[in-house]
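Heads up: the protein sequence lines correspond to chains D and L, in order. As numbered in this note's numbering, residues 1 to 136 make up the first sequence, in order. As numbered in this note's numbering, residues 137 to 693 make up the second sequence, in order.
No lab work stands behind these hints: they were computed from the structure. C-beta: ideal position from N, C-alpha, C; glycine also. Be a bit skeptical, because a hint or two may be false.
As the list claims (entries may be wrong) - Lysine-lysine pairs mimicking DSS-like chemistry, simulated, CA-CA at most 25 Å apart:
no. : chain 1 : residue 1 : chain 2 : residue 2
1   : D       : 80        : L       : 296
2   : L       : 158       : D       : 8
3   : L       : 544       : L       : 509
4   : L       : 403       : D       : 80
5   : D       : 80        : L       : 642
6   : D       : 34        : L       : 158
7   : L       : 341       : L       : 602
8   : L       : 464       : D       : 80
9   : L       : 341       : D       : 34
10  : L       : 296       : L       : 328
11  : L       : 544       : L       : 374
12  : L       : 544       : D       : 80
13  : L       : 464       : L       : 403
14  : L       : 464       : L       : 492
15  : L       : 374       : L       : 394
Unchecked claim - Far from chain D by the CB rule (all over 10 Å, computed), these chain L residues:
no. : residue
16  : 226
17  : 233
18  : 234
19  : 242
20  : 248
21  : 375
22  : 519
23  : 522
24  : 594
25  : 604
26  : 622
27  : 638
28  : 661
29  : 677
To be verified - Here are the in silico distance ranges between beta carbons for each label pair:
no. : chain 1 : residue 1 : chain 2 : residue 2 : range
30  : L       : 517       : D       : 8         : 56 to 64 Å
31  : L       : 503       : D       : 99        : 26 to 34 Å
32  : D       : 8         : L       : 474       : 31 to 39 Å
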Amino acid sequence: MVEVTNTKNTEIIGFACSFCTFKASEMAGSLRMKYPDGVKLIQVPCSSRVDPAFVIKAIFEGADGVFVAGCHPGDCHFIKGNYFTRRKMAALKEMFDVFSIKDKLRLFWVSAAEARRFVEKVTGMHNEIKEKKNAE
Amino acid sequence: MKTGIFICHCGHNIKHTIDVKKLSQYFKKYPGVTVAEDYPFVCSEPGQDMIRDSIEKQGLDRVLIASCTPSLHGELFKDLLKKSDLNPFLLRRVSIREHCSWVGDDLDINTEKARRLILAGLYSAAHYVPLEEKVVEVTKSALIVGGGVSGLSAAAFLSKMGMQVYLVEKEAELGGHVRALKDIWPARRDGKEIIDEMVEELTGKSNVEIFTSTTISAFEGFFGNYEVTLNTPKGEKKLTAGGVIVAAGFSPFDPRIKPELAYGKDKRIITTLDFERDSDSLSLPENPRIAILHCVGSRDEQIGKPYCSRVCCINALRVGDSIKEKYKDSYVESFYMDVRAHPRGGEEFFEDTQEKGVLFTRSNIAEIVPGSKGVLVRGEDTLFNEFFEREFDLVVLSIGMSPPVDNKLIATLFKITLDKDKFFLEAHIKLRPFDTAVKGIFIAGSCSGPKDIEESINHGRASAVKLYGFLNLGYAFVDPFISIVDPKRCSGCRMCEQACVAKAIKYDETKRIVHVEEAACMGCGLCNSTCPSSAVTLKGYADMIIDDEISALTEAI
Ligand SMILES: Cc1cc2nc3c(=O)[nH]c(=O)nc-3n(C[C@H](O)[C@H](O)[C@H](O)COP(=O)(O)OP(=O)(O)OC[C@H]3O[C@@H](n4cnc5c(N)ncnc54)[C@H](O)[C@@H]3O)c2cc1C
Ligand code: SF4
Ligand code: SF4
Ligand code: SF4
Chain D
1 MVEVTNTKNT EIIGFACSFC TFKASEMAGS LRMKYPDGVK LIQVPCSSRV DPAFVIKAIF
61 EGADGVFVAG CHPGDCHFIK GNYFTRRKMA ALKEMFDVFS IKDKLRLFWV SAAEARRFVE
121 KVTGMHNEIK EKKNAE
Chain L
137 MKTGIFICHC GHNIKHTIDV KKLSQYFKKY PGVTVAEDYP FVCSEPGQDM IRDSIEKQGL
197 DRVLIASCTP SLHGELFKDL LKKSDLNPFL LRRVSIREHC SWVGDDLDIN TEKARRLILA
257 GLYSAAHYVP LEEKVVEVTK SALIVGGGVS GLSAAAFLSK MGMQVYLVEK EAELGGHVRA
317 LKDIWPARRD GKEIIDEMVE ELTGKSNVEI FTSTTISAFE GFFGNYEVTL NTPKGEKKLT
377 AGGVIVAAGF SPFDPRIKPE LAYGKDKRII TTLDFERDSD SLSLPENPRI AILHCVGSRD
437 EQIGKPYCSR VCCINALRVG DSIKEKYKDS YVESFYMDVR AHPRGGEEFF EDTQEKGVLF
497 TRSNIAEIVP GSKGVLVRGE DTLFNEFFER EFDLVVLSIG MSPPVDNKLI ATLFKITLDK
557 DKFFLEAHIK LRPFDTAVKG IFIAGSCSGP KDIEESINHG RASAVKLYGF LNLGYAFVDP
617 FISIVDPKRC SGCRMCEQAC VAKAIKYDET KRIVHVEEAA CMGCGLCNST CPSSAVTLKG
677 YADMIIDDEI SALTEAI
């Protein structure tokens, strides 16, 4: 195996909702769109399944960034799940701000049709975090 | 734990950018892994046999398949486990194709990423428990939204199969756009005739209820038993439908969006649809000069419509053809980008109209200016790189197909998704072209993208067949991914109850704790992530499962 340690590679963990963002990521793959290998997904039925504890755990265990992604507001397959997600992540972000790690958490909306947006979002996040990390 | 890991080459798809041999060698030595094999096509018959053999001979209790994305071949591999007497929910799929081999080009980097992904699958699958698929009773009835050719053909099939059909049409008459079309191509028949034949098939059928001038005001419930509220001219009506076929059709492109075409400002500038409705009363001179514009509202990035509408070239040809039939010495010029006369016989029809004397000019049209004598068409001839300006007696805009006006409303009502062009999105363009992401809700016809009549009818029938397959037995299996409450941990704070949109959480006044109503739970997991006492668990997505997946991905294990 190649030695890719956390200090070298920028590792992003993304929680992706089965009904939209995960679908978009599948489409991005089928369309052979490229994005950094550091981005790795965990499939959840709805973005609202993401417990803030998961985000904290991922950061504590060395992820350079975490994103939670779901359907656009109003489009949630479970009707209002993403509104709850938005509230939870906003609260979590404030807490992260206290520890100056606010930038490590992102929340974004990517629908099932938006493969390109998925790639743009994850690549953008990865590159920003990587730059910051290298500057440190 | 006895886990079997099967890594697919997917021919060259995976093997070319992931070192599958290295991976299987690596996992062979991994604790808890009994079998680790790589194989050219795990979904093939011999591939499946190999997995089945391993399960039976090695007594595997977990199966991990690293291959294409989990939404592909999901049922196939589940069935494979069932046939081997292993609970199908002990299967883990890891997507090393869509999420790895196709995402990067570097073999070493991809191999490492795939290793991590498989590791995450391995760790989370260790917490999997056998689950029972729930059996729910389903109503053998279908709600069809839209009475165009696609909706009508779906209704005809379902009613023939003996299923109760509720056909809802917002207009006063059935038939959609086809009713207004004359001499439709390639059947060369009147649209109304075809519609009348289709409606005839449904009238008088005891299992068909048709609601015209009706809209849907509410939609609730779950697969197999959707509760529908209709707004009919006679007032509100409630019904239960096992599934839904959305056949809401398209909206003709409105050329007013492009003011340079001057549509609506002069009656000598009309659309193909106007031409269909009223071509006899056009007051044309003896030898009229007529311009026909292709791609109006299609293949136009500027107005956010990059797609080809597929029928407008043929419509442009039909207009040219009928003018030439009527006025032998007319001057008819078609302005096109490419002529995409796509369906069977289209090319021949294109040649025919050329022979009849319709002129074709490859061009970009800049503007249309109505004048006192005639209508001026200005543009650039893109074959000769010349600007031109010509006068006509009539300009016909071959308009494209836009999404139905109710697209957002319907998407919100049924919780289905729109694609980037705002048509309804299918679950998978190749493998599930009729399904939406919501179980039991299908799409049909031009509401999922421009289609001609033949394609719309085929789409409608196919969706009907699929829905029939879902409901035919009167019962269906649904995924057991629902939440459960641990009564020992629940403190009765009722936070989950407030969060649950499905109202699936019930509070017990005497015990002062909650429980989940299985049939109502949608499986979102919101209660799980809300409960401060960790008393709720969403089956299949328990905290431990996700926690270990995180650890594996960050290599903190
Ligand atoms: C000018 C023109 C000429 C054409 N000529 C040809 C041709 O020659 N040959 C050919 O093969 N194709 C032709 N077509 C294409 C043809 O019209 C379509 O293929 C066909 O109409 C698609 O059928 P449909 O059932 O999907 O949609 P539609 O015909 O649009 O029917 C959809 C129905 O759903 C109803 N509806 C919409 N929203 C709701 C709602 N919320 N609730 C209830 N009901 C709703 C609508 O009122 C409508 O009746 C032409 C199209 C145009 C614009
Ligand atoms: S069918 Fe012809 S006119 Fe219509 S969008 Fe396609 S190329 Fe343009
Ligand atoms: S999983 Fe969702 S639908 Fe089911 S009980 Fe929990 S919050 Fe309600
Ligand atoms: S949130 Fe948890 S503790 Fe509170 S009532 Fe629901 S299950 Fe019980």
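We went through each hint and held it up to the structure:
Restraint check for residue 80 of chain D and residue 296 of chain L: not satisfied, since their Cα atoms lie roughly 39 Å apart, outside the 25 Å limit. The hinted pair formed by residue 158 of chain L and residue 8 of chain D meets the criterion: a straight-line CA distance of about 22 Å does not exceed 25 Å. For the hint linking residue 544 of chain L to residue 509 of chain L, the alpha-carbon distance of about 44 Å lies beyond 25 Å, and the restraint is violated. Taking the CA atoms of residue 403 of chain L and residue 80 of chain D, the gap is near 49 Å; set against the 25 Å cutoff, the hint is violated.
Simply put, residue 80 of chain D and residue 642 of chain L have alpha-carbon atoms about 19 Å apart, close enough for the 25 Å limit, and the pair holds. A threshold of 25 Å between alpha carbons decides the hint, and for residue 34 of chain D with residue 158 of chain L the separation of about 23 Å falls inside it, so the pair holds. Proximity of residue 341 of chain L to residue 602 of chain L is assessed by CA-CA distance (about 22 Å); at most 25 Å being required, the pair is judged to hold. Taking the CA atoms of residue 464 of chain L and residue 80 of chain D, the gap is about 63 Å. The hint is violated against a cut of 25 Å.
Between the alpha carbons of residue 341 of chain L and residue 34 of chain D the distance comes to roughly 54 Å, so the proposed pair goes past 25 Å and is violated. As the CA atoms of residue 296 of chain L and residue 328 of chain L are separated by approximately 22 Å, the hinted pair is consistent with the 25 Å bound. Restraint check for residue 544 of chain L and residue 374 of chain L: the C-alpha separation of about 23 Å stays at or below 25 Å, so the hint holds. At roughly 17 Å between alpha-carbon atoms, residue 544 of chain L and residue 80 of chain D fall within 25 Å of each other, so this suggested pair holds.
Pair hint residue 464 of chain L plus residue 403 of chain L holds up; C-alpha atoms about 23 Å apart against a cutoff of 25 Å. With a C-alpha separation of about 9 Å, the suggested pair residue 464 of chain L and residue 492 of chain L falls inside the 25 Å cut-off, and the hint holds. A hinted pair counts as satisfied when its Cα atoms are at most 25 Å apart, and residue 374 of chain L with residue 394 of chain L does not qualify at roughly 42 Å. Every CB of chain D is more than 10 Å from the CB of residue 226 of chain L (nearest about 17 Å), matching its label as outside the interface.
A Cβ of chain D approaches the Cβ of residue 233 of chain L within 10 Å, the least distance being about 7 Å, so the stated non-interface status is violated. With a cut of 10 Å on Cβ distances, residue 234 of chain L falls inside the contact zone with chain D, its closest approach being about 3 Å. Not every C-beta of chain D lies more than 10 Å from that of residue 242 of chain L, the closest at about 8 Å, which undercuts listing it as non-interface. In this structure residue 248 of chain L is not separated from chain D by more than 10 Å, as the shortest Cβ-Cβ distance comes to only about 5 Å.
For residue 375 of chain L, the non-interface assignment is confirmed: its Cβ lies about 22 Å from the closest Cβ of chain D, beyond the 10 Å cut-off. Listed as outside the interface, residue 519 of chain L is consistent with that label: its C-beta sits roughly 33 Å from the nearest C-beta of chain D, beyond the 10 Å cut-off. With a closest Cβ-Cβ approach of about 37 Å to chain D, residue 522 of chain L is found to remain outside the 10 Å limit, as its non-interface label requires. Non-interface call for residue 594 of chain L relative to chain D: holds, since the shortest CB-CB distance, roughly 23 Å, exceeds 10 Å.
Look at residue 604 of chain L: its CB is around 24 Å from the nearest CB on chain D, clear of 10 Å, so calling it non-interface holds up. Listed as a non-interface residue, residue 622 of chain L keeps its Cβ farther than 10 Å from every Cβ of chain D; the least gap is roughly 16 Å. For residue 638 of chain L, the non-interface assignment is contradicted: its Cβ lies about 8 Å from the closest Cβ of chain D, within the 10 Å cut-off. For residue 661 of chain L, the condition that its CB be more than 10 Å from all CB atoms of chain D is violated, with the nearest at approximately 3 Å.
For residue 677 of chain L, the condition that its CB be more than 10 Å from all CB atoms of chain D is violated, with the nearest at approximately 6 Å. Distance hint check: the CB atoms of residue 517 of chain L and residue 8 of chain D are about 58 Å apart, consistent with the given range 56 to 64 Å. In this structure the supplied range 26 to 34 Å is violated for residue 503 of chain L paired with residue 99 of chain D, their Cβ-Cβ distance being about 60 Å. The supplied range of 31 to 39 Å is broken by residue 8 of chain D and residue 474 of chain L, whose beta-carbon atoms lie about 50 Å from each other.
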